[in-house]
Every structure is written in C-alpha cells, then in structure tokens.
Amino acid sequence: MPAALDAIVAELSESDRQERIDLLIDFARNLPPLPDRLAAHKDAGHRVEECQSPVYLFVELVGDRAALYADAPMEAPTVRGFVSLLLEGLNGSTVEEILEVPNDLVARCGLQEVLGMLRVRGLAGVLRRIKAEVTRAAMGQAQPQAAAGPPPGPAAGP
Amino acid sequence: MAESYAHPEALVSADWVQEHLDDPKVRVVESDEDILLYDLGHVPGAVRIDWQGDLQDQIVRDYINPEKFAELCSRSGIAPDTTVVFYGDKSNWWACYAFWAFTLFGHERCKVMNGGRKLWMDQKRPTSTEVPSYPPTKYHVAGDREPQIRAFRDEVLAHLKAKRPLIDVRSPKEFTGEMLHMEDYPQEGSLRGGHIPGAKNVPWSRAVNEDGTFKSAAELRAIFEQEAGLKPADDVIAYCRIGERSSLTWFVLTYLLGYSHVRNYDGSWTEWGNLVRVPIATGA
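Line order of the protein sequences matches chains A and B.
Quick note on numbering: the first sequence equals residues 1 to 158 in full-length UniProt numbering.
Quick note on numbering: the second sequence equals residues 1 to 284 in full-length UniProt numbering.
With the rest of the complex left out, here is chain A (with noise of 0.2 Å):
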C-alpha cells in the first residue's frame, strides 16, 4: 500500500468512533475541487455508479504515476470523505501500488464501524473504481491504437 494511504489507514485504524467521524469530515472538507478542464466533464461515463450519490472520478496517468481528480457532493460527505482520503492516499502512486491496495480497504480504516454494515459498500465501489481506471489508463498507455475507442474523458496533461 503506498505510504501515504497507509498512514491515513493507520490513523484512522487507531482512532475511537468520534476521531474516525472528524477526521472523515476533515477529509470531506478537502477534497480538492476539480480542475476546470475537467469540471464540464462530469457526465455518466465518469459516475461512479456504485455510490447513491453523485461522485465523479478522472484517473490520469502521468508517466507511470496516476493523478486522480474526483468531485463528491458536500451533502453525501462520507462519501465525500472517503473519496478525498483515497485521493490524498493515491496521488502520485504507481499503478501496480494501487491495484494492491486490499479490497477491504474500508473495514481497514475502522469505517465499517462507523457507519453500519449497510450503506459502507457503495465506498468500497470508489476503490473498485479506481483500480479499474487505473487499469484502463494503463492499457491504453500500453496500446495506444486499443479497439475501444478514445480513451475516456478529456486526453491526460501535456
């Protein structure tokens, strides 16, 4: 896991029921906003469609490191917060480091706890998401002239 995810993991992990609240909420008070560029893109190929709420997520390979970029409503803010956590985890990581991110990345941070057995799979779906963006993106890295059409959302950085 990257160092970075995993100290947020370890946080989060060691923190009582009220901690792990705030924190989530600090995350969810942080979540970057979107570059413009990518702001006018939020359509339905972008949409995690796991989450209840409207959560859009653009992974961008920069040489063999992944820029993520997402936008989550302030009124869903655990999703929110788990979006922004996973953001300020994964920026800047390999895509080998995280595909190895553990699917059970939630119940990790303590968040299962949190919030009910009920309504935590939807934020197992970003994760879900992720890695398979980060796939795509790779792919199509790897094999530029790929059947499957352009390559979603707006072309990667310069």
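Simulated from the structure, these hints should not be mistaken for laboratory data.
As the structure is a prediction and not an experimental result, all values here were calculated from the model.
Any given hint could be a false lead.
To be verified - No more than 30 Å apart at the CA atoms, straight line, and that leaves these computed lysine-lysine pairs for DSS-like: (1) K163/B <-> K118/B; (2) K231/B <-> K200/B; (3) K25/B <-> K200/B; (4) K215/B <-> K173/B; (5) K42/A <-> K173/B; (6) K25/B <-> K42/A; (7) K131/A <-> K173/B; (8) K163/B <-> K25/B; (9) K42/A <-> K124/B; (10) K215/B <-> K163/B; (11) K68/B <-> K25/B; (12) K173/B <-> K163/B.
Dock chain B against the given chain A, drawing on the hints supplied.
Frame of chain A; chain B shown alone:
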C-alpha cells in the same frame, strides 16, 4: 381554497422550528442516512437519533425494546409530553422512519419538518456543530401502537389472500423484478426479485417535490387515489425493501391524507423475497 392536509399539525415548517428552538417542550431530532451530516452542522439544539445504532436491536431483527426506548428518550431530553420534531436527509426518509418508530412506542407528539435538512441548509438558517446535552427525563413508554401501524409477514399473506391493498414504494425496476435492489444498494439482497402479488407500485419519491417538501394534498390524492385506487377507509399495507422508504409513505397516507388504517411492513422485500412458501409476482 386548496385542500389542506388531514392532520396538518404533523408537519411543521422550518420557520416554525426556528421559532421553537428554545422551547423546552420541543425537541428537534435529526435522523439521517449519512450519519456524518449531523457532525457537519445541525439545527441548533437538535439531537441525533441513528436509525441503526439507536432504534434497532443489534441482535434480533427488530426495534429496541420499550426499556431501551425509554433510555434513548431520557438521555435525549425527551419527556412523554415533549413535542418531537424529526428532520433529516433524503427528503426526510429517516426522519419518517424515526417518527414511525416513536409512534410504535406510543409517543403522541411527533412532527416532521417539511423539506428536511436540505431545505434548512438551502435557506441558510442557523446551524451548530455543538452536541447538546439535556437533563435526563423520566420517560415511561406510553403504549404499544404496533398492531395499528406495523404489519408482519403472516398478516401480509392474509392481506394478499383477502385482496386488500398493498403499496410497493420501491423503484419500478425493483417492482418488476428486473433489479434485486435499489440502484447502488447491492447489499440488501433477496433471493428473488419482484413484488408481493396484488401490490401497486407507487415509488416513495412521488410524494415529495424537488426541494424535499411534500406535495400538496390534491397532488397526493391524485397519485394514491386516482392512480393507485386507494380509498381513505382502506386497510393499507406499505412496504419497500427494509421498511425505511415505506415509512415515508405511511406518514403521507396517515397524516397528510388522513387514512385511518395504514401499516408499514418493515420486513419488506428483504424478508418476502427470501421467504419460503410465499408467492411473488414479477413484471409491471
């Protein structure tokens, strides 16, 4: 003049709540799906009641017992004669669910704040992040309204055999059986998809406006009476998947339209779709 709600006192405006923030006889309760919302800021003085952690028994699939309910009220500063005003996210789903649960235990003075949390925030009304504490009250559970407002599976089976009205408030795709769950809630599963035979599909969301407020009495009657064919004297059972969305419909039929005999089947599709020896129907 427009027709008014049957029990208009069960619904209060944000203005009313703001005027009663310091009224010791009024306790405001926030009940949300996203439990972080309360921590982000809430109606000043409001207490949080969590549908899972506070209202549900953690071992038996049921509500907490009367003793636990009395404890919850006592520590929330709710006395038997306190007026409890519920509000929350998602057009007051969980607020209605908590209202229904309070009604199970016979708490009489319950109200819903029209428009819920979103309207309060959209109107930039005062908020606080302070978690209030109130002197514990002496709460005794008034009574048991369960037989009047809650349906169990055997009663639902009898109901369907008697061809009495059932209202399924889930999304159309859940109703037809195309989907086993509401979009994005894949975990609350059932073995089979479809609906209880004879049930009419009236998605809960049809009762609310874009801003989270309830539709007018005339609009609601057009939906539930002209379209779904209900009559105010009917014995009605509403259900969804775990009983939360249908508590909103229960509130609408009981308090806004004045139906005298509406029960919420909180076992709902998670129970019925898995139940041995009961029939289901699929398709529209």
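Here is how each hint holds up against the structure:
1. Simply put, K163/B and K118/B have alpha-carbon atoms about 39 Å apart, too far for the 30 Å limit, and the pair is violated.
2. With a C-alpha separation of about 14 Å, the suggested pairing of K231/B with K200/B holds against the 30 Å cut-off.
3. Taking the CA atoms of K25/B and K200/B, the gap is about 40 Å. The hint is violated against a cut of 30 Å.
4. Taking the CA atoms of K215/B and K173/B, the gap is about 23 Å. The hint holds against a cut of 30 Å.
5. Our distance criterion of 30 Å between C-alpha atoms is met by K42/A and K173/B, whose separation comes to about 25 Å.
6. Proximity of K25/B to K42/A is assessed by CA-CA distance (about 47 Å); at most 30 Å being required, the pair is judged violated.
7. Taking the CA atoms of K131/A and K173/B, the gap is near 29 Å; set against the 30 Å cutoff, the hint holds.
8. Proposed proximity of K163/B and K25/B is contradicted: the alpha carbons are some 44 Å apart, above 30 Å.
9. With a C-alpha separation of about 27 Å, the suggested pairing of K42/A with K124/B holds against the 30 Å cut-off.
10. Restraint check: the Cα-Cα separation between K215/B and K163/B comes to about 28 Å, which is no more than 30 Å; the hinted pair holds.
11. Pair hint K68/B plus K25/B holds up; C-alpha atoms about 22 Å apart against a cutoff of 30 Å.
12. A hinted pair counts as satisfied when its Cα atoms are at most 30 Å apart, and K173/B with K163/B qualifies at roughly 23 Å.
Violated hints, listed in ascending order, are 1, 3, 6 and 8; each of the other numbered hints is respected by the structure.
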